[in-house]
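Colleague: Here are the chains, one letter per residue:
Protein chains: 4
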Amino acid sequence: MIAITSHNTTDERIQEIVQFIEKQGVTAHVSKGEDRTVIGIIGQADPKLAEQLRQLSGVEQVVKISKSYKLASRDFHPADTVIKIKGVEIGGEQLVVMGGPCAVETPEQIDEIARLVKAAGGQVLRGGAFKPRTGPYSFQGVGVEGLIMMAEAGKKHGLLTITEVMTPEYVDVCAEYADILQVGTRNMQNFDLLRKLGTIQTPVLLKRGFSSTYDEFLNAAEYILAGGNPNVMLCERGIRTFETYTRNTLDLSAIPVLKQLSHLPVISDPSHGTGRRELVVPMTKASVAAGADGLIIEMHTDPDNSMTGDGVQSLFPDQFAKLLVDLEKLAPLLGKKFDTQKETILV
Amino acid sequence: MIAITSHNTTDERIQEIVQFIEKQGVTAHVSKGEDRTVIGIIGQADPKLAEQLRQLSGVEQVVKISKSYKLASRDFHPADTVIKIKGVEIGGEQLVVMGGPCAVETPEQIDEIARLVKAAGGQVLRGGAFKPRTGPYSFQGVGVEGLIMMAEAGKKHGLLTITEVMTPEYVDVCAEYADILQVGTRNMQNFDLLRKLGTIQTPVLLKRGFSSTYDEFLNAAEYILAGGNPNVMLCERGIRTFETYTRNTLDLSAIPVLKQLSHLPVISDPSHGTGRRELVVPMTKASVAAGADGLIIEMHTDPDNSMTGDGVQSLFPDQFAKLLVDLEKLAPLLGKKFDTQKETILV
Amino acid sequence: MIAITSHNTTDERIQEIVQFIEKQGVTAHVSKGEDRTVIGIIGQADPKLAEQLRQLSGVEQVVKISKSYKLASRDFHPADTVIKIKGVEIGGEQLVVMGGPCAVETPEQIDEIARLVKAAGGQVLRGGAFKPRTGPYSFQGVGVEGLIMMAEAGKKHGLLTITEVMTPEYVDVCAEYADILQVGTRNMQNFDLLRKLGTIQTPVLLKRGFSSTYDEFLNAAEYILAGGNPNVMLCERGIRTFETYTRNTLDLSAIPVLKQLSHLPVISDPSHGTGRRELVVPMTKASVAAGADGLIIEMHTDPDNSMTGDGVQSLFPDQFAKLLVDLEKLAPLLGKKFDTQKETILV
Amino acid sequence: MIAITSHNTTDERIQEIVQFIEKQGVTAHVSKGEDRTVIGIIGQADPKLAEQLRQLSGVEQVVKISKSYKLASRDFHPADTVIKIKGVEIGGEQLVVMGGPCAVETPEQIDEIARLVKAAGGQVLRGGAFKPRTGPYSFQGVGVEGLIMMAEAGKKHGLLTITEVMTPEYVDVCAEYADILQVGTRNMQNFDLLRKLGTIQTPVLLKRGFSSTYDEFLNAAEYILAGGNPNVMLCERGIRTFETYTRNTLDLSAIPVLKQLSHLPVISDPSHGTGRRELVVPMTKASVAAGADGLIIEMHTDPDNSMTGDGVQSLFPDQFAKLLVDLEKLAPLLGKKFDTQKETILV
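Residue numbers (full-length UniProt numbering), protein chains in the order written: chain A, 1 to 347; chain B, 1 to 347; chain C, 1 to 347; chain D, 1 to 347.
Bear in mind the hints are in silico, worked out from the structure with no lab data behind them.
It is possible that part of the hints are untrue.
All copies of an identical chain are treated as equivalent in the list; a pair is satisfied when it fits inside any one copy or across any two copies.
[What the hints assert, rightly or not] Think about it this way: if two alpha-carbon atoms lie no more than 30 Å apart in a straight line, the pair counts; the simulated DSSO-like pairs of lysine-lysine are: (1) LYS23 <-> LYS64; (2) LYS32 <-> LYS155; (3) LYS67 <-> LYS48; (4) LYS336 <-> LYS156; (5) LYS32 <-> LYS64; (6) LYS32 <-> LYS84; (7) LYS23 <-> LYS155; (8) LYS48 <-> LYS337; (9) LYS64 <-> LYS84.
Next up, chain A with everything else stripped away, as it sits in the complex:
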């Protein structure tokens, strides 16, 4: 960590800052420049020190050199994390495709979609039972019943299941029914939820907050890892920008950046990332080309009548199946494997 003084800081004040630093049990290393002075802090500093330094008068800027997250960092865990769930590996050679509706609606709906996801070569069934909605009068999901419907559909068709959990109170029941728990973009910094997810071992797909930096994203993952759950995958799902034509701006650079900064698997969500069906196909392929370990894609048998209104970003089943055939060809050129014919048997 480095503290940079402001333009006219006196030598006396610099001495006081140095004393403040050394009281914390670390070493201060002063470099006088022509204009400002730089104080390097050497040793294992308390995480709070950066914040404390920033608020000292005479300090203009504090630059962290070490990262604030450790367990999520590739610096301290060079090998890729591969999460194994009932024989499916996420983060390894295999490309993983999660498909399904925005929301679970009826047993028939989720069963039929599960059948189509499996037939197309997908490994995971997605579907929301609890839906975070901007306004209170919109459809809020079918709740626990939806968890049960999805678990049954997944079991019948040999698919893992993933569903969103919105509040600590529901973590246990969601973990009872689903193989992977999703933290939605609005909850990326719901720290009580993250802490609760750190206490279990169920894999978590953590979506990037729609205005969160990579650093904040990895710190959110750190909450879960630090709690004791090592099974975290990161999901880029689009960020908020000035452009309104697309629902979000899918930040595909996040994929190689996160793979470089962290060892955790990275999944892309081109459905929420674009909000437009016609963009899902090219952006899925682009995600794989950028190095994604997996995709989470909305697909619906009757998107015109989806209950959340997210049908506009859902693929039709035939588009979904054709896309997976294309991925099968692309994957080997990008260091991944994907086989639409091979049946994944859950163990």
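Since the structure of chain A is already known, use the hints to place chains B, C and D on it.
Modeller: Same frame as chain A, now just chains B, C and D:
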């Protein structure tokens, strides 16, 4: 609500869209343009209809004409909401100043700061017992003990108290000790928390999400109002932009906009909105000039040693007191009253 | 175009608005809703009408239904535009690779880089003679001498050349030496420059402004097209967002969006789009997967010593060559052709 | 300046980096941390060095400690710059109000508006003769004729005049007719234009680019200052954010920040900053409260029929006059003087 078709939509498809609309019990009103067709929807539509229309093929754009929130809207509640708490009125003529540290640290700290807030003319004591922190290794607040310390300090010095609640589970205990509950920026769309706050009557200060639009903000307020709690105040606290010199970009236009769209009181937070002590004074004055009903300002007796590192944005007690004297002069020119000498007696 | 009235607009005011509209020679079509009234404008309206309506009292919102650009729109020009330059086709089946240094430095530098671009299979040599720099004390380019050096290198090695032009005054000299003129991101709305470029026939690569919407981008292209120059290609080069780890956020969704809204070729610039060498390779592949017609990539023989400091985003020659071999394999899976062995002979 | 190495940089590579630095005639000062090494650069470095260091392999981050602009910086010019034009002082005690239409339309229009600006107490007449418009089919201004009309109106009513110049070619003619030249937001980084403005002495109002950081803004000012023209004022006019309800987000924190970083006068433009007439009044007052030296406000006698469509953000003359009366009361509380009755006589 209006649906606009895409360039080459056939008459046949337009007829299907009209039929879809009329099945929902509302009337469709077709205007053929040279290039595209516009379909007006007249009648009391289900809130989901906009979303459903958007996903129909042949529909390029859907424009909502009525707002999705009702209870928060000034259209349906023209008079200003004034929230009365133990004799203090928020949203009326009186300018309300909430002051205090980022975090409650010790009984002595909060007692001394409460004394200074009161002496300067403030009416509300702020302080966090539960702190939302980007990383898991930072100071997370002192918890329930902090609630008790703050309640005692408030009582002793005749100040209302406000504190942040982060999860539904803690709403009841926070409401037991504090007069106003704050929803932080990261939780603006923590819908389970909002729903829980709708079930009580304790006033809520809802902070704008750092990347939330006015529409999303008012929809979040609507969750609380729709649950049955009418005592909601809105707080602008800075949004995330490309500029990194300030911690956030304080969007002061939000103040007159929210006052126009809604009848709820609007509070400004220049401390988090700027993240720099030297900007708090001018931005407080600017907030009042823009029409704020109140301010929430960080003040600390020893900002160099604050436990959260937010000292960098905390005023020193003498700056705080001087600022309130300045507000006393400014307020009457801006349609507000503020009197640093008059002692507010809580009832 | 549609005008939507505000909540309490009287019938009388609505009549005045209608009269205002009909005075412009178009038809107004009134739909009364429960809450607001919608006025459709039918006929060929003057482009200024939207702006005039927006400023009428009683009008809350104006929604344009037809797009403000015509010549750039696919609605009115369904077939892809293919720009042919000395036998190279941009916007057709062929994937086009433009490579070279950020800035032309010396005759030896640009000659050697040209040789490497050609050897790797690229078709166009990029290089800046005039450089737009944030501060006045940075290297500003070698000027007209650079144009000459680059023209010679291009001719010798059989490559087209592209260079940036910053001001109308230099359009003619740049067009004399280069095959393609580039408008940089900071000049996307330098309307005098765009107008000047509309008066010549030299192909123009128009970079998206770093905070410009798709609509503004296509309107900027419209300036050139409306002036009489049909040879415009669009270039996504990253937008400004809150994320600072990357220099910009490369918005790859722009590629399929622009291909859908417009018939013009779309080029991707992963070098400026990311600002980091290690991201250029994955983002180049992702650009092709998203449907780009071409790439513009920085490559330098000695990036540690590049004069603009953009070496940090320049590939080394061997990385560039290997990337083009990879593109050769990827392209056919994405509807494009690219052959690193086939020598393009300029005609 | 500081260079920070990446995690695994070898001692050998660090030695090479040090040698690279010392070859540039400055001193390298190495601090080894536990995780990374910090290299301080001491001495007068070439402005390009930061960029060169950033591109060295083994360097992860470069932090500039001194600012890249000098002439614009308060560090090197502690006293406020006061620009004196025909007896009007900008940047001193006097609050300066510039008012007028978006565009000059006819001699009668500009004459009548000038009369009203003067009567209300304004000192400067604004009006565009050359208009930067998003699309080529919108009204582009009346050109040189407009300059003449405005100069006459200014002279007749005793007002300074300000008008926008869009391209270097027109600088001389604009400077012939107007007292202050405005650089619009889209041209803040039109470096050829800035360089040309550096060669004259006419005062320049430089608008912040709608996505430009403070640092980029001050570097743009530096171009003009470095060219030899010391008469630059900075204008905050709103930045682009995700919020679309307002045309831009007026960043009032920019005012105290720019006053702190620089000695140049700071003007606020609440008209473009909000894009909505009803927000101009509160945001003008807030601008003054934040410390602005002046305001530039759109006012029109017939905003419903303004030719640019910017009438929606133009005040009516009576609103403008009332606002200036309010500013007269506010100014003294904020360290400024403004007198609506005192007639400013141009000298």
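Colleague: With reference to the structure, classify each hint as holding or not holding.
Modeller: A quick look at each hint next to the structure:
For a Cα distance limit of 30 Å, the shortest separation of LYS23 from LYS64 qualifies both inside one copy, at 19 Å, and across copies, at 28 Å. Taking identical chains as interchangeable, the C-alpha atoms of LYS32 and LYS155 are never at most 30 Å apart, the minima being 67 Å within one chain and 50 Å between chains. Taking the shortest alpha-carbon separations for LYS67 and LYS48, both the intra-copy value of 13 Å and the inter-copy value of 28 Å come in at or below 30 Å. Proximity of LYS336 to LYS156 under the C-alpha cut-off of 30 Å is restricted to the intra-copy arrangement: shortest distance 28 Å within a copy versus 41 Å between copies.
Taking the closest pair of Cα atoms, LYS32 and LYS64 come within 30 Å of each other both inside a single copy (19 Å) and across two copies (14 Å). Proximity of LYS32 to LYS84 under the C-alpha cut-off of 30 Å is found in neither arrangement, the shortest distances being 53 Å within a copy and 40 Å between copies. Neither within a single protomer nor between protomers do LYS23 and LYS155 lie at most 30 Å apart by alpha-carbon distance, with minima of 59 Å and 36 Å respectively. Taking CA atoms no more than 30 Å apart as the test, LYS48 paired with LYS337 passes in neither setting, with 44 Å inside one copy and 40 Å between copies.
When the C-alpha separation of LYS64 and LYS84 is checked against a cutoff of 30 Å, the pair qualifies neither within a copy, at 34 Å, nor between copies, at 45 Å.
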